[in-house]
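Undergrad: Listed here are the chains, written in short residue letters.
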Amino acid sequence: MSSDPIRGEEESPSASVDTPNGETGAGLDLKGLFEAILFMSNEPLPLSFFVKQLGVDPTQSRILLDSLIDEYHERGGGIKLIEISNGYQFVTSERYADHLIRIMGCKKRERLTRGMMETLAIIAYKQPVVLAEIDELRGVSSRMMVVNLIKKNLVKPVGRKDLPGRPLSYGTTDDFLKFFGLNKLSDLPKLSEIREFNLGEEE
Amino acid sequence: MIFEQKSSEKYVIHIDNFEGPLDLLWDLIKRSKIDIMEISLSHITEQYVAYLRLMEKLNIHVASEFILMASELLYYKSKAILPAADIEDEYFVPPLPPDLVEKLLEYKRFQIMSRKLIEGYDLQANCFSRNSDSPIGDDVYLDLSLFDLLNAFVDVYDTARDVEEGEIVFDELLISDRIDFIKVLLRDQEHIFFNDLFTLQAHRSEIVVSFLAILEMAKSGLIRLLQHTIFGDIKIQRA
Numbered sequence: 022m023s024s025d026p027i028r029g030e031e032e033s034p035s036a037s038v039d040t041p042n043g044e045t046g047a048g049l050d051l052k053g054l055f056e057a058i059l060f061m062s063n064e065p066l067p068l069s070f071f072v073k074q075l076g077v078d079p080t081q082s083r084i085l086l087d088s089l090i091d092e093y094h095e096r097g098g099g100i101k102l103i104e105i106s107n108g109y110q111f112v113t114s115e116r117y118a119d120h121l122i123r124i125m126g127c128k129k130r131e132r133l134t135r136g137m138m139e140t141l142a143i144i145a146y147k148q149p150v151v152l153a154e155i156d157e158l159r160g161v162s163s164r165m166m167v168v169n170l171i172k173k174n175l176v177k178p179v180g181r182k183d184l185p186g187r188p189l190s191y192g193t194t195d196d197f198l199k200f201f202g203l204n205k206l207s208d209l210p211k212l213s214e215i216r217e218f219n220l221g222e223e224e
Numbered sequence: 002m003i004f005e006q007k008s009s010e011k012y013v014i015h016i017d018n019f020e021g022p023l024d025l026l027w028d029l030i031k032r033s034k035i036d037i038m039e040i041s042l043s044h045i046t047e048q049y050v051a052y053l054r055l056m057e058k059l060n061i062h063v064a065s066e067f068i069l070m071a072s073e074l075l076y077y078k079s080k081a082i083l084p085a086a087d088i089e090d091e092y093f094v095p096p097l098p099p100d101l102v103e104k105l106l107e108y109k110r111f112q113i114m115s116r117k118l119i120e121g122y123d124l125q126a127n128c129f130s131r132n133s134d135s136p137i138g139d140d141v142y143l144d145l146s147l148f149d150l151l152n153a154f155v156d157v158y159d160t161a162r163d164v165e166e167g168e169i170v171f172d173e174l175l176i177s178d179r180i181d182f183i184k185v186l187l188r189d190q191e192h193i194f195f196n197d198l199f200t201l202q203a204h205r206s207e208i209v210v211s212f213l214a215i216l217e218m219a220k221s222g223l224i225r226l227l228q229h230t231i232f233g234d235i236k237i238q239r240a
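Residue numbers (the numbering used here), protein chains in the order written: chain A, 22 to 224; chain B, 2 to 240.
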């Protein structure tokens, strides 16, 4: 059972939320409601969704969601609740991936080519970045790579740089976070951790 | 060019798909098993150029950036040969110039990072959610830069046919005529697309004149130019 870290006492997670059935909330199990909403959602839902739509305060929402995450994690079943792309979403456990692909026809996302991954890594870490800078870092023209990444909705233009020709600068999208299992950009593995690399480590 | 056998290492015909000159350089450095800070510029340059010659021999086209890097390497090499006052050691082997080392290291960092990112990708690819297909982004129309316009122009230009030999084109194509034509088109429709201005068999001159016409019209404020997706078709709108 979750407890409020601010007041230090056990809080039962209910609030007065009007439901279409006319029940006003004193007895409404908010955690259950959150769970049901997340079950129905196609996309990760941000904390702000629960705050805005249900009028629940952010701290309490966070506690409820975190406790749901823990519960599902402990349960260790076929689905889990994760924080991804700035939101919360139910996803299937990776243990069942092969079966799901076979039985339910779930499609596994195809891998990106090495060139696209390099371009994407540059954009992810250097955003906002213009094409010329990407070309410089890779040593080759990257225009086609960027076009393909845009088609896959992994990068998008995020503005223009104040340079001659006013070139577009690019950044990553929410789908990028989703596909790479990241919650926010700061979750990217740190570039500075690459200090010395042993050449023998590579394939 | 004769292929020499360098000590025990034979030149194997390795047609790797290199992402670019930096990728190739790293491969050569790795094979030499010498640290990037100590490796001989001359040695690397030789191997690099040998690789390009091999590609040429096999009729494999390499991107121009590879050739550019070759010329840069040769330039660095020539600079290194010139005697410098403070080099006393006649056995001194010029290493790679610091600029190039910096570029190589930076590139390598991103190569490594992209591999790390792929790990996360593979993990996440095994987790499915309700309705995993995400819709493509909205139809957002962006303002164009001159370069976007030029790129669109080049795309159309490249697909145009050349005037056949023996064909004499008499008609003068006037920009003002094209402007009138575009005005007529825009009378009936609120917008048209750049590619709509041309028939399939458009002459290059027709394309050039149309392009100049829309530039002129944009300058006079008669039309607005918008682009749908990046590198997409250009929308010409009544102002």
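Hints in this document: simulated from the structure, not taken from any laboratory.
Possibly wrong hints are sitting among the right ones.
Mimicking BS3-like on lysine-lysine, the simulated pairs with C-alpha atoms at most 25 Å apart in a straight line are [unchecked claim]:
1) K104/B x K34/B
2) K182/A x K205/A
3) K117/B x K128/A
4) K78/B x K147/A
5) K31/B x K182/A
6) K236/B x K172/A
7) K236/B x K211/A
8) K182/A x K129/A
9) K78/B x K104/B
10) K147/A x K101/A
11) K173/A x K104/B
12) K109/B x K147/A
13) K117/B x K220/B
14) K147/A x K129/A
15) K236/B x K177/A
16) K104/B x K147/A
17) K129/A x K117/B
18) K80/B x K58/B
19) K211/A x K78/B
20) K101/A x K109/B
21) K31/B x K109/B
22) K128/A x K173/A
Looking from chain A toward chain B, a few residues come up when the C-beta cut is under 8 Å (computed) [what the hints assert, rightly or not]:
23) L68
24) F70
25) K73
26) L89
27) I90
28) Y93
29) R135
30) M138
31) E139
32) Y146
33) F200
34) G202
Cβ atoms here follow ideal geometry from the backbone N, Cα and C, with glycine treated the same way.
Undergrad: Any hints from earlier that this structure breaks? Give me their numbers in increasing order, please.
TA: 4, 5, 7, 8, 10, 11, 13, 14, 18, 19, 20, 23, 24, 25, 26, 27 and 28
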